[in-house]
Amino acid sequence: MSGPRTLFDKIWDAHVVERLPDGTCLLYIDRHLVHEVTSPQAFEGLRAAGRRVRRPEATIAVADHNVPTSDRSRGIAEPESRLQVETLEQNVAEFGVPYFPVLDERQGIVHIIGPEQGLSLPGTTIVCGDSHTSTHGALGALAFGIGTSEVEHVLATETLLQKRAKNMRIEVAGQAPAGTTAKDIVLAIIGKIGTAGGTGHVIEFTGDAIRALDMAGRMTVCNMAIEAGARAGLIAPDDTTFDWIKGRPYAPEGADFEAAVRYWRTLPTDPGAAYDRTVTLDAATIAPMVTWGTSPERVAPITGAVPDPAAEPDPAKRAEIARMLTYMGLTPGQKLAEIPIDVVFIGSCTNGRIEDIRAAAAIARGRRVAAGVRALVVPGSGLVKKQAEAEGLDRILTEAGFEWREPGCSMCLGMNPDKLSPGQRAASTSNRNFEGRQGPGGRTHLLSPAMAAAAAIAGHLVDAREFA
Amino acid sequence: MEKFTTLTAIAAPLPLANVDTDKIIPARFLKTIRRSGLGVHLFDTLRYDENGAERPDFVLNQAPYRQAQILIAHENFGCGSSREHAPWALLDFGIRAVIAPDFADIFYNNCFKNGILPIRLPRAVCDALIEDARQGDNARLTIDLAREVVVRPNGEEIAFEIDPFRKHLLLHGLDDIGQTMAHAGAIDAFERNRAAVQPWLPKTTLA
Ligand code: SF4
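Read top to bottom, the protein sequences are chains A and B. All the letters of the first sequence, read from the start, carry residue numbers 1 to 468 under this note's numbering. All the letters of the second sequence, read from the start, carry residue numbers 1 to 207 under this note's numbering.
Among these hints, one or two may not hold up.
[To be verified] Quick list of in silico lysine-lysine cross-link-like pairs, BS3-like style, CA-CA up to 30 Å:
{"id": "1", "chain 1": "A", "residue 1": "LYS386", "chain 2": "A", "residue 2": "LYS163"}
{"id": "2", "chain 1": "B", "residue 1": "LYS203", "chain 2": "B", "residue 2": "LYS167"}
{"id": "3", "chain 1": "A", "residue 1": "LYS246", "chain 2": "A", "residue 2": "LYS335"}
{"id": "4", "chain 1": "A", "residue 1": "LYS246", "chain 2": "B", "residue 2": "LYS3"}
{"id": "5", "chain 1": "A", "residue 1": "LYS163", "chain 2": "A", "residue 2": "LYS10"}
{"id": "6", "chain 1": "A", "residue 1": "LYS163", "chain 2": "A", "residue 2": "LYS192"}
{"id": "7", "chain 1": "B", "residue 1": "LYS31", "chain 2": "A", "residue 2": "LYS166"}
{"id": "8", "chain 1": "A", "residue 1": "LYS10", "chain 2": "B", "residue 2": "LYS167"}
{"id": "9", "chain 1": "A", "residue 1": "LYS192", "chain 2": "A", "residue 2": "LYS10"}
{"id": "10", "chain 1": "A", "residue 1": "LYS163", "chain 2": "B", "residue 2": "LYS3"}
{"id": "11", "chain 1": "A", "residue 1": "LYS166", "chain 2": "A", "residue 2": "LYS192"}
{"id": "12", "chain 1": "A", "residue 1": "LYS192", "chain 2": "A", "residue 2": "LYS317"}
{"id": "13", "chain 1": "B", "residue 1": "LYS203", "chain 2": "B", "residue 2": "LYS3"}
{"id": "14", "chain 1": "A", "residue 1": "LYS317", "chain 2": "B", "residue 2": "LYS3"}
{"id": "15", "chain 1": "A", "residue 1": "LYS10", "chain 2": "A", "residue 2": "LYS246"}
{"id": "16", "chain 1": "B", "residue 1": "LYS203", "chain 2": "A", "residue 2": "LYS246"}
{"id": "17", "chain 1": "A", "residue 1": "LYS335", "chain 2": "A", "residue 2": "LYS317"}
{"id": "18", "chain 1": "A", "residue 1": "LYS317", "chain 2": "A", "residue 2": "LYS166"}
{"id": "19", "chain 1": "A", "residue 1": "LYS10", "chain 2": "B", "residue 2": "LYS3"}
{"id": "20", "chain 1": "A", "residue 1": "LYS192", "chain 2": "A", "residue 2": "LYS335"}
{"id": "21", "chain 1": "B", "residue 1": "LYS203", "chain 2": "A", "residue 2": "LYS386"}
Calculated directly from the structure, the hints in this document are not laboratory data.
Okay, chain A solo, but in the shape it has when bound (with noise of 0.2 Å):
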């Protein structure tokens, strides 16, 4: 305990209520994120159980995913969609857990209003029945999905029993060329280490490409953490963190914020301290990316062309490219950048905060969406939203033929109304291209939201810094 510590061990320490004797350990949760796709049952099994939430105030709840970003003065069309949603707050409401409800300006993503609102905080534990509750350790919190019984156990706890992750390091040295983000930043990472390449780590984000990042950045680069298979992204808070968080609703004021800022300097992990693993990889390098496979590792330059299944030597790996070849309708040797596309989603809790609107408009400015593809443009949150009007970006975007909708999952995962039809091709800032991820049969290439409103201006993939 004395020596050295990085960032993940110093968090995970100061949150272990007990250690149990194989090394499981009681692990206190500070903030509970809570969404209407995962929670259903686990409420439901706190009413089975005659158990009550334990810390009402640690706990937070939205609709996200089912929610309709067309008008919702008239509630949701879809009877299932809505019965989740009216489950949601009847769940809410019986068991006194804090709500902002889909017309509230504060309604979004789970993983956009969380930070936005000044509850994701350096230091802290933080959970959701979310896979991309990852997005949070952008701040220096460690942030993880959990399934449903584990939704139930923290509600009814405030703890989860966990086994100590292995400590991974991702050192993005030197600075990015002009025209590579963030997206592109973590794309190439997954597409060194691969989906599993994570697995069993929390990996602590590093480097000078990194510290240069704004928030945004950071947290799309933490969201994508979990398509590394990890179990945690984490970044190291400095003052660009604490200036981003100075201010927010929930965040501590005055006395308490100097007091936090102190305790938050502690944080960054010690020199010396071990990793169990470490990769490196050269930001000046790193081109704007995009996927071409059915998984997030299969990622390359937007300059690259289709792989040939034939190069590779591994049997099972030719089969899988091959069969993500006849999914997605490409040939081996197309250049990417000549893959026309039908649909541009920009969004989601990977890309869907005010600097990724302003991104997508600044290429949108003075240009026309190419005639026959459809591009929607869904911010994260009701304040994205705001904040984007306030701004003109929704006047720039719908003049180029962008929907403008209102703030929820939408394309990312088509719960909603919004999604592919079969063989449709989405250039998507969202995080996961399996099949049928955007609506049975879709096909995704993941990539920036630069490089998405690009690609909706020339009606097929295209490099952004073109349109610089």
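Since the structure of chain A is already known, use the hints to place chain B with the ligand on it.
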């Protein structure tokens, strides 16, 4: 939760890597507010065609494997989302154990909460078991959790590892919330200390 002691059953071979949770149960089936009833949608896109008809080449649509209680797959099984609907769908179909070289972390955890035993074995061993499984009804596998072994149809025993706490809960079908509640005093003390040291931690309130 149903306890897991020993299981002798048909095993279904699914020699695919990176089987993600969207494949196990697509998002459109997550709109349920119950745990049961998802088995019919397990592996929906692999199992049914566009018109909802069964694809005869998919393993779980074939005669002996409709009764499979064990699934054997390749690397990184259960990657992707945290949805516990994935183990719920497996369980509802009848699967009680999944064998693979490795699993995504959240899926692995979720299995234990539902009485499903995920077993990590090296790829070559998984491939040997997949060959056994291809014999369908003629070759049942036995899993003995107490002894931590998988018994092949030829009698060969293959040892696996599992951490003792999880094994204990699974063997006895114990609810881990009940276990944690026994530590309520320690949680109270921890919470009091935390409130004193970091009084600025935010508290959400009802609107
Ligand atoms: S935006 Fe997508 S990844 Fe993020 S929470 Fe919603 S569905 Fe999950």
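Consistency of the hints with the structure:
Pair hint LYS386 (chain A) plus LYS163 (chain A) does not hold up; C-alpha atoms about 41 Å apart against a cutoff of 30 Å. Between LYS203 (chain B) and LYS167 (chain B) the CA atoms are separated by roughly 37 Å; this puts the pair beyond 30 Å, and the hint is violated. Taking the CA atoms of LYS246 (chain A) and LYS335 (chain A), the gap is near 46 Å; set against the 30 Å cutoff, the hint is violated. Taken as a hint, the LYS246 (chain A) and LYS3 (chain B) pair is broken in the structure, with Cα atoms around 49 Å apart against an allowance of 30 Å.
Only pairs whose Cα atoms come within 30 Å are accepted, and LYS163 (chain A) paired with LYS10 (chain A) is accepted, the gap being roughly 15 Å. Under the criterion of a C-alpha separation no larger than 30 Å, the hint pairing LYS163 (chain A) with LYS192 (chain A) is consistent with the structure, at around 27 Å. About 34 Å separates the Cα atoms of LYS31 (chain B) and LYS166 (chain A), which puts this hinted pair outside 30 Å; it is violated. Under the criterion of a C-alpha separation no larger than 30 Å, the hint pairing LYS10 (chain A) with LYS167 (chain B) is consistent with the structure, at around 29 Å.
Between the alpha carbons of LYS192 (chain A) and LYS10 (chain A) the distance comes to roughly 28 Å, so the proposed pair stays at or under 30 Å and holds. The suggested pairing of LYS163 (chain A) with LYS3 (chain B) holds, with an alpha-carbon distance near 22 Å, which does not exceed 30 Å. Only pairs whose Cα atoms come within 30 Å are accepted, and LYS166 (chain A) paired with LYS192 (chain A) is accepted, the gap being roughly 19 Å. Restraint check for LYS192 (chain A) and LYS317 (chain A): the C-alpha separation of about 16 Å stays at or below 30 Å, so the hint holds.
Among the hinted pairs, LYS203 (chain B) with LYS3 (chain B) is inconsistent with the structure: their alpha-carbon atoms are about 39 Å apart, more than 30 Å. Between LYS317 (chain A) and LYS3 (chain B), the direct Cα distance comes to roughly 37 Å. Violation of the 30 Å bound is thereby established for this hinted pair. Annotation: proposed proximity of LYS10 (chain A) to LYS246 (chain A) holds, straight-line Cα distance about 23 Å (limit 30 Å). Among the hinted pairs, LYS203 (chain B) with LYS246 (chain A) is consistent with the structure: their alpha-carbon atoms are about 16 Å apart, no more than 30 Å.
Among the hinted pairs, LYS335 (chain A) with LYS317 (chain A) is consistent with the structure: their alpha-carbon atoms are about 21 Å apart, no more than 30 Å. At most 30 Å may separate the alpha-carbon atoms for a hinted pair to count; LYS317 (chain A) and LYS166 (chain A) meet this at roughly 27 Å. In summary, the hint linking LYS10 (chain A) to LYS3 (chain B) is not supported, as the alpha carbons are separated by about 36 Å, beyond the 30 Å threshold. For the hint linking LYS192 (chain A) to LYS335 (chain A), the alpha-carbon distance of about 21 Å falls within 30 Å, and the restraint holds.
For the proposed pair LYS203 (chain B) and LYS386 (chain A), the alpha carbon gap of about 25 Å is at most 30 Å, so the pair holds.
Checked against the numbered hints above, the structure breaks hints 1, 2, 3, 4, 7, 13, 14 and 19 and satisfies the rest.
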